[in-house]
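Undergrad: We have chain A already, so just place chains B and C on it with the hints.
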Amino acid sequence: MTTAADVPLIDHDQLELLQAALDPGELRAMLVQLPSAADQALSAINAALAAGDLPQARKAAHVLKGSASSLGAARLAEVARTIELELMTAGEIEACLPDLADIIVATSDELARWAERA
Amino acid sequence: MQIQIDRTSGQIAMSGEFTFTDHIPFKQMVTEIFAAPGKAVVIDLSRLDFIDSAGLGMLLLARDEAKKTHRELILRGPIGQVKRMFTVTKFNTLFKVEE
Amino acid sequence: MSPVMATVDTAVDERAVPEGLADARILIADDDPLCRRLVAGVLRAQKFTNIEFAEGGLSAMEQVRRFRPDLLLLDMQMPDMSGLDVCRQIRAQPDFADAPILVQTATVDRKKMGELFAAGASDFLSKPINPSELIARVVVHLERWNSLRALRDYRERISREVEAARRMQVELLPDPITLQWAARTADLRIASYNRPSSELGGDLWGMLPISNGAFGIFLADFTGHGINAALNTFRLHALIHEYKALHHDPGALLSMLNERLVRLLRIGQFATFMYVVVDHRAGVLKSASAGAPPALLVQGMKGRARLCDSSGFPLGVERGVRYRTSRRKFPLGSLLLLFSDGLSEFPDADGKRIGDDGLLATLDTCGPALTPQEVIDRLCAAAGMTEGSPLPDDTTIVCIDRRAGHRPNDGLRDRATTQPVASSSCGGR
Numbered sequence: 000m001t002t003a004a005d006v007p008l009i010d011h012d013q014l015e016l017l018q019a020a021l022d023p024g025e026l027r028a029m030l031v032q033l034p035s036a037a038d039q040a041l042s043a044i045n046a047a048l049a050a051g052d053l054p055q056a057r058k059a060a061h062v063l064k065g066s067a068s069s070l071g072a073a074r075l076a077e078v079a080r081t082i083e084l085e086l087m088t089a090g091e092i093e094a095c096l097p098d099l100a101d102i103i104v105a106t107s108d109e110l111a112r113w114a115e116r117a
Numbered sequence: 000m001q002i003q004i005d006r007t008s009g010q011i012a013m014s015g016e017f018t019f020t021d022h023i024p025f026k027q028m029v030t031e032i033f034a035a036p037g038k039a040v041v042i043d044l045s046r047l048d049f050i051d052s053a054g055l056g057m058l059l060l061a062r063d064e065a066k067k068t069h070r071e072l073i074l075r076g077p078i079g080q081v082k083r084m085f086t087v088t089k090f091n092t093l094f095k096v097e098e
Numbered sequence: 000m001s002p003v004m005a006t007v008d009t010a011v012d013e014r015a016v017p018e019g020l021a022d023a024r025i026l027i028a029d030d031d032p033l034c035r036r037l038v039a040g041v042l043r044a045q046k047f048t049n050i051e052f053a054e055g056g057l058s059a060m061e062q063v064r065r066f067r068p069d070l071l072l073l074d075m076q077m078p079d080m081s082g083l084d085v086c087r088q089i090r091a092q093p094d095f096a097d098a099p100i101l102v103q104t105a106t107v108d109r110k111k112m113g114e115l116f117a118a119g120a121s122d123f124l125s126k127p128i129n130p131s132e133l134i135a136r137v138v139v140h141l142e143r144w145n146s147l148r149a150l151r152d153y154r155e156r157i158s159r160e161v162e163a164a165r166r167m168q169v170e171l172l173p174d175p176i177t178l179q180w181a182a183r184t185a186d187l188r189i190a191s192y193n194r195p196s197s198e199l200g201g202d203l204w205g206m207l208p209i210s211n212g213a214f215g216i217f218l219a220d221f222t223g224h225g226i227n228a229a230l231n232t233f234r235l236h237a238l239i240h241e242y243k244a245l246h247h248d249p250g251a252l253l254s255m256l257n258e259r260l261v262r263l264l265r266i267g268q269f270a271t272f273m274y275v276v277v278d279h280r281a282g283v284l285k286s287a288s289a290g291a292p293p294a295l296l297v298q299g300m301k302g303r304a305r306l307c308d309s310s311g312f313p314l315g316v317e318r319g320v321r322y323r324t325s326r327r328k329f330p331l332g333s334l335l336l337l338f339s340d341g342l343s344e345f346p347d348a349d350g351k352r353i354g355d356d357g358l359l360a361t362l363d364t365c366g367p368a369l370t371p372q373e374v375i376d377r378l379c380a381a382a383g384m385t386e387g388s389p390l391p392d393d394t395t396i397v398c399i400d401r402r403a404g405h406r407p408n409d410g411l412r413d414r415a416t417t418q419p420v421a422s423s424s425c426g427g428r
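As you go down the protein sequences, you meet chains A, B and C in turn.
For the first sequence, numbering that gives the first Met the number 0 assigns the number 0 to the initial residue and increments by one for each residue that follows.
For the second sequence, numbering that gives the first Met the number 0 assigns the number 0 to the initial residue and increments by one for each residue that follows.
For the third sequence, numbering that gives the first Met the number 0 assigns the number 0 to the initial residue and increments by one for each residue that follows.
Just so you know, nobody snuck in bad clues.
Covered by chain B, per the in silico footprint, the following chain C stretches (three or more residues, Cβ under 8 Å):
id, region
1, 262-270
2, 298-311
Now the in silico label distances, taken between C-beta atoms and shown as ranges:
id, chain 1, residue 1, chain 2, residue 2, range
3, B, Q27, C, S325, 38 to 44 Å
4, C, R156, B, T86, 44 to 50 Å
5, A, Q55, C, D108, 19 to 25 Å
6, B, E31, C, K301, 53 to 59 Å
Hint data in this document are derived by calculation from the structure and do not stem from the laboratory.
A virtual CB, placed ideally from N, CA and C, is assigned to each residue, including glycine.
Same shape as in the complex, but just chain A (with noise of 0.2 Å):
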């Protein structure tokens, strides 16, 4: 099993791909969109959780997957999926998401300095 820690934070290719195909402002924007997107789904796991909707849980990090892997968050992805498919009980996922909300912040910083660049 790969943990989030083995994956890169950044897509670079990824976010390549992304800068030849896009508005370099919309890109950006998107950019700046995902970290708060990202909290949102915190969020909603965590209010998930507290009613004891696993489903509900691994439904919203399905969603943070599908967002963070395309825009090149390859660490926040890969939390995302490990909550949605491989945690089994809620007990596991309450205990990574203090990692999600870290990796959530680093990710943001990162984004902000790719996007400055960029």
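TA: Relative to chain A, chains B and C alone:
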């Protein structure tokens, strides 16, 4: 319909049924045989069982091609229904038909 | 710019979107707003302008009905309805049975991919989204869809036009009322059968009223069949009516028609033609033939059926041909049958053709108790022709019957029995 072509002697042998559906192969054959040098073109009909009006029309095309290229066209040995069709349409007077 | 980026740039530029696709209606169905925005951003950068969104499966169904997309980009997993169900339901709508649906999925599970195509997906897009792949697949499927629709539109237009032409051709045939009137006046019965091998045919027959109850019946058969032959029947119909003064003189009419057709028809095209003037007062038939199948004639009550010589150059082959008029007796009790070679040369289930002699033998079994329509039906049956059987060649049969004296309602009943046969075989006149 089946066509056998002997290019060196300008002989064509047709067998089976000569109908509407044979338009394209027959036209190709006519173009080909009259493009090759030679004198008379003989179409052997002795193994042809059936001809419809479209088949007769195609023979008229061959006749026209022969006229244009100053070649003689001979139809040989029509039998049965083909022979009757030649009689009823007087094609036996339009073409040189050899028994 | 780094070298890697330069190659990526080129890859996208080479996939420039072909003209005419940019205004295609594209529906993006995804519950994640960021993914919707990303896909739309990639498409807009390629000048696609007509994009709408759905936030879930139900709204996708609604948007499909309202927006009528040319292409649907569908996320596999949405909270309210699975992508598979959306696919199935859209495919169930006739208008969208073949429209492109591209499903976005992160899965590479072979079984799930199988389900996806079984549900009606046209193709899939992998996640994370690869912009070049997205554009390439969208373009391929839009082009395929456009050409399919263009082909369908073309086919529909052509079949509408062929249908209009078919109706016009049916209108060239004698109308039942005129026919019935001529039959009553001449104290005889007329029945007919006409069925083209495809929508349009190269056979034509008609009735030309002359005077004192005499009338002419012609039957023409152009080489080949289909549109080419059908157009020639229209020409011939116009020519025949141009020479009204010759309608009483078969030989003269044929000679004139031949001169005109020789100049009109391409080499290899011709028409066999039979024209018979029926003069019931004189009890005489006057006829001329241009290579048509022989007419079948029964002369008088006790006569046996025989073939009338019909040899002659077909119309349109040679210039300057003089056609002769032959006269034959046609007393009470006689019957005349004209047919195109679609009847005599119809290959039955064993590939056998009844031929002129077979028709002759069958006609001899048709006693005077049979109506002319029944005579036609019996000849068709003897040839192995049933109402449903496809015809390799256009087929026309006309029967003129003087065997029974005139009975007041016969004409009417005759038409009533004639029409259903003719109409069902003409494809619903």
